[in-house]
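Asker: Throw the hints in and build the complete structure from the sequences for me.
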Amino acid sequence: MSELSHDSSTEDTQLRAEIDRSLRHPVMFFFTSGAAWLAVSLILGVLASIKSHNPEFLGECAQLQYGRVFPAHLNALVYGWGVQAGFGVLIWLMARLSRQPSRNAGTILVAGHIWNLGVSIGIIGILFGFGTGKQWMEFPTFVWPLLLAAYAVIAIWSLVAFRIRRGEHVYISQWYVLGALLWFPWIYLTANLYVNVFDVHPLMATAINRWFRQAMILLFFAPIAIASAYYITAKVTARAIYNYTYAVGGFWALAIIAPWAGMHAVMGSPIPVFLQYVGAAAAMLVAVPLIAAGVNILKTASQSGEATAHSPSLRFTVAGIFGMLLLAVLGLILAHPDAIAYTQFSTAVYGYEVLALYGFFSMCMFGAIYFIVPRVTRREWLSRRLIRTHFWFSIYGVLLIVLFCSILGGFQQGAAQRAYDESWSSAVLSMFPYVVATTLAWCAILYANIFFFIHLTLMWIRLGRRSSHPTLLRHDHTTVSPHGPEGDIEELENAKA
Amino acid sequence: MTIKTFLIGMLASFGVAWMCIIAIPAAKMSALSPVKMNVEDEDAPYYQRKVAGRVMSGAAIYGANGCYYCHTQLIRPTYLGRQIWRKDAAGIYDKDEGIDTRRETSHYDYKDEDFARVGRMRVGPDLSNFGHRAEMYAATAGMSPAQWVMEHLYNPRNSELFVGNEGQKTDMSWSNCPSQKQMFDENNLNGQGDSLAISGQTTESTEVIPNEQALILTSYLLTLKRDDILPDMLANKPKDVDVKEEN
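Sequence lines, in order, name chains A and B.
For the first sequence, the residue numbers in our numbering are 1 to 497.
For the second sequence, the residue numbers in our numbering are 1 to 247.
Derived from the structure by calculation, the hints contain no laboratory data.
Glycine included, each C-beta is placed from N, C-alpha and C at the ideal position.
Hints may contain errors.
Derived DMTMM-like pairs (lysine to aspartate or glutamate); straight-line CA-CA distance at most 20 Å [unchecked claim]:
id : chain 1 : residue 1 : chain 2 : residue 2
1  : B       : Lys237    : B       : Asp88
2  : B       : Lys50     : B       : Glu135
3  : B       : Lys87     : A       : Asp421
4  : B       : Lys28     : A       : Asp199
5  : B       : Lys237    : A       : Asp421
6  : B       : Lys87     : B       : Glu135
7  : B       : Lys111    : A       : Asp199
8  : B       : Lys181    : A       : Glu60
9  : B       : Lys169    : B       : Asp88
10 : B       : Lys87     : B       : Asp171
11 : B       : Lys225    : B       : Asp94
12 : B       : Lys111    : B       : Asp232
13 : B       : Lys181    : B       : Glu160
14 : B       : Lys87     : B       : Glu166
15 : B       : Lys28     : B       : Asp114
16 : B       : Lys225    : B       : Asp112
17 : B       : Lys111    : B       : Asp228
18 : B       : Lys181    : B       : Glu207
19 : B       : Lys87     : B       : Glu97
20 : B       : Lys87     : B       : Asp228
21 : B       : Lys169    : B       : Glu135
22 : B       : Lys95     : A       : Asp421
23 : B       : Lys181    : A       : Glu56
24 : B       : Lys237    : B       : Asp94
25 : B       : Lys169    : A       : Glu422
26 : B       : Lys225    : B       : Asp114
27 : B       : Lys237    : B       : Glu97
28 : B       : Lys87     : A       : Glu422
29 : B       : Lys225    : B       : Glu135
30 : B       : Lys4      : A       : Glu168
Just some of the chain A residues that point at chain B, by a computed CB distance under 7 Å [stated by the list, open to error]:
id : residue
31 : Pro71
32 : Ala255
33 : Ser269
34 : Tyr420
Quick list of the computed label-pair ranges, beta carbon to beta carbon [to be verified]:
id : chain 1 : residue 1 : chain 2 : residue 2 : range
35 : A       : Asp421    : B       : Ser159    : 17 to 25 Å
36 : B       : Leu11     : A       : Ala17     : 33 to 41 Å
37 : A       : Leu382    : B       : Arg157    : 42 to 50 Å
38 : B       : Leu11     : A       : Arg388    : 44 to 52 Å
39 : A       : Ser383    : B       : Val16     : 45 to 53 Å
40 : B       : Ser144    : A       : Phe274    : 40 to 48 Å
Answerer: Shown next as C-alpha cells:
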C-alpha cells in the first residue's frame, strides 16, 4: 500500500491547508445547514408517512395535512439537503483539484444564506397552502429566481477556480463537477420558464416538470456524487482509478443519454408518443454510464479492501456506489413500459426518488463530509460509534424503503389498481403493510441522521478531537493513514502511467 | 480533453436533447390546429371544449393542498392501464340504456388549466370524471352535488355519503384522505342557516359552512367530466363495446 504514497513537498501541503482554510466557513455552512434541513425533511417525512396510513394523526390541522407535509418533505430533501450538500462538496472539490484557494468565501457564504432563506420561505409557503402543486417545484413561484441567483453567485467562483487552475491535467471529478455546474442552471431555468412563465400547453408543462425531476437526479445529483466517489476512492485507497478511459467514457455516455430521460413518467397521456418512449429508453439506457462509473469505482476500491473497512469516508462512498448500481437496475425495471403499466401511479416513483437521493447521492455526500470536515476544521470526528450508527441505520432504512415502496409496494399497488372489478377500498387496504413499513424505515433514517446532525454540529463549533489520528471504524493500527497519503491526485495517475 | 471540446460536447449533447424533447414539442403543442368533428364532412363543426367553472383558481387550490399526490387525472390507453373499464372512471357506461361515453383522456381535457394535474400516485381513485360520480352519489344521498362534495371534503371518512339504491351505506372508515377542515368556518347560526352547512355540525348557535376556498375547489371538481364527444380522429374508446353508436 505504501509504495504508491508520495512525499509531497511542504509547499503543496501548505497550499492544501490554505485551500481548506479558505473554504472552511462556506463548506461547513453548507454541510451543517444541509444536515439541519435533512433532519427537518426526515421529520416531515415520518409525519407524512404516518399520515398516509393514519390521516387523523396529530389532529386535522391544515398545515400538517398529508398533501402539504409530503411536498414539504420532498422539497426540503432536494433543495435543503441535497443541493446544499452538493454545493459544499463541489466547491471544495473544485478548489482542491484546481489547487486554488478561494478568495470569495464571504460572497459564497452570503449566497448560501440567501439560498437557505429561499428554501425556508418555500417550505413555509408549502405548509401554509401556497405550494404550486408541481412536483419538485412546489415552492411558491417567486422563490425560484431567488434560488437561481444564489446558485449563480455560489457556482461562478468554482468556474473561476477551474479557469485559473494550476497544472494542466484535469481530473475526472473536475469534469463531472463542471458538468453539474453547467447542467443545473440550464435544467432549472428551462423547467421554471416553461412551467411557470411561458404559456405552453398544460400537458407539456407537466411533461417538462417530470423531465426536470429526472434531469435533477441524473444531471445534478448523480455527477456530484460520482465526482466525489472518484476522488474519495482514489484518495483513500491511494490507487489510481482502475480505468481512466472508461471514466471519461462514462461521463460522456451520461451527458448524451440522461437529458432525454424523464417524460416516461407521463406515459399514456396525450403528449407526442415519441417523448414518452424516448424518455423510457433513456431512463433504461442511463444504466450504462451509471454501471460504468460504479464498476470503475468499486474496482478501484477493491484494490484495498482494508481501507473500505477502516475509513468511514470510503465505506459510505462504497455504499453510495452500491446504491447507484441498484438505482441503475431499478431504473431498468421501472422504466420498462410493461412495468410502467403497473407502477406509473404507485409508490414505486417515490422509492426511486428516495434511492436516488438518499441511497445513492446522500451516502456519497456523507462519505465526502466524513472526509472533508476533519480537513477544513482541523479536528477529528468524535466518535466512531456515532458514525457506525449513522451508517447502519441509513442502510437498513433505505433498503426497506426501496424494497417496500418501490419493488413490492409499487407492483402490489399497480396490480390492485388494474383489478377494475374490485372496489377501490381493496386497492387502498392492500397497501397498508407497505406504508407502515415505510414509516418504520423513515424512523430508522431519522434516528441515524439526528446523530449525524449532532456530530456535525459539534465539529462545526470546533469541538472535534484535537488529534493527528483520524477516527476509524476499527481499532487496528496501520502505518498509513486511512484517509490515504497526502498528495495530489494526479500523482496517483502519474504513478500508474 | 480540452475545455473547448468539453464545452462543445456539453452544448451538443444537452442541446440536441433539449431541442428535441423540450423546445420543439412545447412549441408544437402550443400551436395545435383546431380539429373538425368529422374530417370527411366539409361542413362539420370544429371541436371546442366547453367548461363552466372556476377552473384556474380551483386547480391552484387543488395543487396547493397536494390532492395530486393521491389522485390522478388521466385515463390511459388500455395497453397501459385498465382504468377505462373501472366503473364510472372514464365516463358513463350503461349497457341497458345504450350509453357509453367512456374514452381516454385527450389533450383538450386540460385546456383551461395552466398545468395538467396528471397526478403522482393513485392512492385515491382517478378524478377525470369525478363530476359525474359526484352527481350520482349526491342523487342517491339526497343532496345537491356541491353539497355532497363539501361534505366529502369536510370528512372523507363519512359513511353517510355513499348510499346504494336500496339505501345501504358504504363503510368509508378505511379512507386515508386528509380532511380539508381549513376550508370551512364556524359561523353563528342565523335564521334557517346556510344551505351548504355541513350536516351534523350545526349546534344551537353555530354552524360549519364552507369558505371561499371550498367553494372554488368544489366548482373545479364538479367540472371534471372528461367524457364529452370528441372528433373521430381523437376519440379513443374501448373496443369491446356492444352498445349502439350514439352520434
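Asker: Taking the hints in turn, state whether each one holds.
Answerer: Results for each hint:
Simply put, B:Lys237 and B:Asp88 have alpha-carbon atoms about 14 Å apart, close enough for the 20 Å limit, and the pair holds. Using a Cα cut-off of 20 Å, the hinted pair B:Lys50 and B:Glu135 holds, with the two alpha carbons roughly 18 Å apart. For the suggested pair B:Lys87 and A:Asp421, the alpha carbons sit about 8 Å apart, so the restraint of at most 20 Å is met. With a C-alpha separation of about 12 Å, the suggested pairing of B:Lys28 with A:Asp199 holds against the 20 Å cut-off.
Between B:Lys237 and A:Asp421 the CA atoms are separated by roughly 18 Å; this keeps the pair inside 20 Å, and the hint holds. Proximity of B:Lys87 to B:Glu135 is assessed by CA-CA distance (about 15 Å); at most 20 Å being required, the pair is judged to hold. Of the pairs offered as hints, the one joining B:Lys111 and A:Asp199 holds, with about 12 Å between alpha carbons and a cut-off of 20 Å not exceeded. Simply put, B:Lys181 and A:Glu60 have alpha-carbon atoms about 7 Å apart, close enough for the 20 Å limit, and the pair holds.
Annotation: proposed proximity of B:Lys169 to B:Asp88 holds, straight-line Cα distance about 19 Å (limit 20 Å). A threshold of 20 Å between alpha carbons decides the hint, and for B:Lys87 with B:Asp171 the separation of about 18 Å falls inside it, so the pair holds. Between the alpha carbons of B:Lys225 and B:Asp94 the distance comes to roughly 16 Å, so the proposed pair stays at or under 20 Å and holds. Taken as a hint, the B:Lys111 and B:Asp232 pair is honoured in the structure, with Cα atoms around 19 Å apart against an allowance of 20 Å.
For the hint linking B:Lys181 to B:Glu160, the alpha-carbon distance of about 18 Å falls within 20 Å, and the restraint holds. A hinted pair counts as satisfied when its Cα atoms are at most 20 Å apart, and B:Lys87 with B:Glu166 qualifies at roughly 19 Å. This hinted pair checks out: B:Lys28 and B:Asp114 have alpha carbons roughly 16 Å apart, not beyond 20 Å. Pair hint B:Lys225 plus B:Asp112 holds up; C-alpha atoms about 13 Å apart against a cutoff of 20 Å.
Annotation: proposed proximity of B:Lys111 to B:Asp228 holds, straight-line Cα distance about 13 Å (limit 20 Å). About 13 Å separates the Cα atoms of B:Lys181 and B:Glu207, which keeps this hinted pair within 20 Å; it holds. With a CA separation close to 15 Å, the supplied pair B:Lys87 and B:Glu97 stays within the 20 Å bound. A hinted pair counts as satisfied when its Cα atoms are at most 20 Å apart, and B:Lys87 with B:Asp228 qualifies at roughly 17 Å.
For the hint pairing B:Lys169 with B:Glu135, the CA-to-CA distance comes to about 17 Å; that is within 20 Å, so the pair holds. Of the pairs offered as hints, the one joining B:Lys95 and A:Asp421 holds, with about 16 Å between alpha carbons and a cut-off of 20 Å not exceeded. A distance of roughly 12 Å separates the Cα atoms of B:Lys181 and A:Glu56; the hinted pair therefore holds under the 20 Å criterion. Between B:Lys237 and B:Asp94 the alpha-carbon distance is near 15 Å, which keeps this suggested pair within the 20 Å criterion.
Between B:Lys169 and A:Glu422 the alpha-carbon distance is near 18 Å, which keeps this suggested pair within the 20 Å criterion. Straight-line distance between C-alpha atoms of B:Lys225 and B:Asp114 comes to about 18 Å, which keeps the hinted pair within the 20 Å bound. Restraint check for B:Lys237 and B:Glu97: the C-alpha separation of about 18 Å stays at or below 20 Å, so the hint holds. A hinted pair counts as satisfied when its Cα atoms are at most 20 Å apart, and B:Lys87 with A:Glu422 qualifies at roughly 10 Å.
With a C-alpha separation of about 11 Å, the suggested pair B:Lys225 and B:Glu135 falls inside the 20 Å cut-off, and the hint holds. For the given pair, B:Lys4 sits about 14 Å from A:Glu168 by alpha-carbon distance, which is consistent with the 20 Å threshold. The criterion of a C-beta within 7 Å of any C-beta in chain B is met by A:Pro71, whose closest approach is roughly 6 Å, and the hint holds. Residue-level restraint check for A:Ala255 holds (minimum Cβ-Cβ distance to chain B is 4 Å; threshold 7 Å).
This hint holds: A:Ser269 has a C-beta 5 Å from the nearest C-beta of chain B, less than the 7 Å allowed. About 4 Å separates the beta-carbon of A:Tyr420 from the nearest beta-carbon of chain B, less than 7 Å, and the hint is met. Taking the beta carbon of each, A:Asp421 and B:Ser159 are about 22 Å apart, inside 17 to 25 Å as hinted. At about 37 Å, the CB distance of B:Leu11 to A:Ala17 agrees with the hint of 33 to 41 Å.
The beta-carbon spacing between A:Leu382 and B:Arg157, approximately 48 Å, falls within the hinted interval of 42 to 50 Å. The beta-carbon spacing between B:Leu11 and A:Arg388, approximately 45 Å, falls within the hinted interval of 44 to 52 Å. Checked against the hint of 45 to 53 Å, the pair A:Ser383 and B:Val16 passes, with Cβ atoms roughly 50 Å apart. For B:Ser144 paired with A:Phe274, a C-beta distance near 45 Å keeps the hint of 40 to 48 Å intact.
The structure agrees with every numbered hint stated previously.
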